[in-house]
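Q: One letter stands for each residue in the lines below.
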Amino acid sequence: MDTIDILVTKMSSVKLGLNMSQIERIYRLSEEKNTSAKLIYIHKILPFHQDSISYKSPHIFMLKTFETPFGIIIDEPQKMINIPVKEISPLPYLIKQTCVNGSIWGAVEEDSTFILLLDVIRLIKTDQV
Amino acid sequence: MEQTEKILNSIIPEKQSDQLNEMENDQKTELVIFKIGSMTHAFIGSDIKEILPYETIAFVPGCPETILGIINVRGNIESVLNLHKIIKKSDLMPTRRSRIAIAERDGIRSGILLDSVEDVVSIPRSNIYNTISTLDPGIRGFVDSITTYKDLYVTILNVGKLFKTIA
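These protein sequence lines map, in sequence, to chains A and B. Under the numbering used here, the first residue of the first sequence carries the number 1, and numbering increases by one thereafter. Under the numbering used here, the first residue of the second sequence carries the number 1001, and numbering increases by one thereafter.
Treat the hints with caution; some may be incorrect.
As the list claims (entries may be wrong) - For lysine-lysine, the following DSSO-like pairs were computed, each having C-alpha atoms within a straight-line distance of at most 27 angstroms:
hint, chain 1, residue 1, chain 2, residue 2
1, B, 1150, A, 96
2, A, 44, B, 1161
3, B, 1089, A, 96
4, B, 1085, A, 44
5, B, 1088, B, 1161
Stated by the list, open to error - Pulled from the structure, derived: some chain A residues nowhere near chain B, Cβ distances all over 10 angstroms:
hint, residue
6, 2
7, 41
8, 109
Unchecked claim - With the Cβ distance kept under 7 angstroms, some of the chain A side facing chain B (calculated, not the full set):
hint, residue
9, 4
10, 98
11, 100
Hints listed in this document are in silico derivations from the structure and should not be mistaken for laboratory results. Backbone N, C-alpha and C fix where the C-beta goes; we use that ideal spot for every residue, glycine too.
So here's chain A without its partners, still in its complex pose (with noise of 0.2 angstroms):
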């Protein structure tokens, strides 16, 4: 694999790259209609240390590996693009044992700032789901 798509949204300023191949579809939270989907706000299970999380214009993402039906609720996607695979930088020790369920595991530059790279699939597994 030399590349990967990524589907770049932003969390209260921090930007999140979601590996296109574990998501399903991505649909307005105002259209949601499928009532047996379980789904969950993403600052519930990763979280930003803050009073409040605004989401501008909240998305559901509908992972692909689950027999029941699982979105994550995350602002809507700002773009999605392909970086190769030797562009992703690892992370530090002490973040990749601290974070939840490793779910954030590198980070590609862009802007002078990172994309950090979130695995959907990770995140889900924690106990808090």
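Please arrange chain B on chain A, whose structure you already have, making use of the hints.
A: Just chain B now, with coordinates in the frame of chain A:
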């Protein structure tokens, strides 16, 4: 006096002096003196690889509050720790005096945000004393020893213990 002897006489005291200096250095420990709030602390110099000016730290969600985020140091990503949170002191906003010390111990490497770096000094080991029982409970678990610097009481923090409390 023959020339050889003259030369020897001139260099031997210098060499002996160098050897004495080396012996003295062996008996000294380098410390990085810094401030957190109004308190003065130190790290053992050999644990600190470099000291950087403050730069914007990219927040990483999902990590404990003791980790402020990450920075890019010449192409390598380093984590940055919030020492205020670790030693249970109130947070302060970074200022132009703030510094990020890149520390390494037991194979773990990370930046640590400091309110200011006051000095890097070499002090005789005889001036380093065992810790005392009246230390602030928030800091006691990270202190190996104490010393003085410009009449100030300085607690020497153990980088390895700071890292262990997070990992």
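Q: Is residue 41 of chain A truly not at the interface, in the sense that its beta carbon sits beyond 10 angstroms from all beta carbons of chain B?
A: holds, 12 angstroms
Q: Can you confirm whether the C-alpha distance between residue 1089 of chain B and residue 96 of chain A stays at or below 27 angstroms?
A: holds, 25 angstroms
Q: Does the no-contact call for residue 109 of chain A survive, Cβ to all of chain B over 10 angstroms?
A: violated, 7 angstroms
Q: Does residue 4 of chain A pass the interface hint, meaning its C-beta sits closer than 7 angstroms to a C-beta of chain B?
A: violated, 18 angstroms
Q: Run the distance test for residue 1088 of chain B versus residue 1161 of chain B: straight-line Cα separation, threshold 27 angstroms.
A: Judged against 27 angstroms, a Cα distance of about 15 angstroms means the pair holds.
Q: Determine whether the non-interface label on residue 2 of chain A survives the test: each CB of chain B must be over 10 angstroms from its CB.
A: holds, 21 angstroms
Q: Hint residue 98 of chain A vs chain B: min CB-CB distance below 7 angstroms?
A: holds, 5 angstroms
Q: The hint names residue 100 of chain A as touching chain B; please verify it with the least Cβ-Cβ distance against 7 angstroms.
A: Since chain B brings a Cβ to about 4 angstroms from residue 100 of chain A, closer than 7 angstroms, the hint holds.
Q: Does the structure keep residue 1085 of chain B and residue 44 of chain A at a Cα separation of 27 angstroms or less?
A: holds, 22 angstroms
Q: Take the C-alpha atoms of residue 44 of chain A and residue 1161 of chain B, compute the straight-line distance between them, and say whether it is at most 27 angstroms.
A: It is violated: about 30 angstroms lies between the C-alpha atoms, which goes past 27 angstroms.
Q: Given the hint that residue 1150 of chain B pairs with residue 96 of chain A, does the C-alpha gap stay at or below 27 angstroms?
A: violated, 40 angstroms
Hints 1, 2, 8 and 9 from the list above are not met by this structure, while the remaining hints are.
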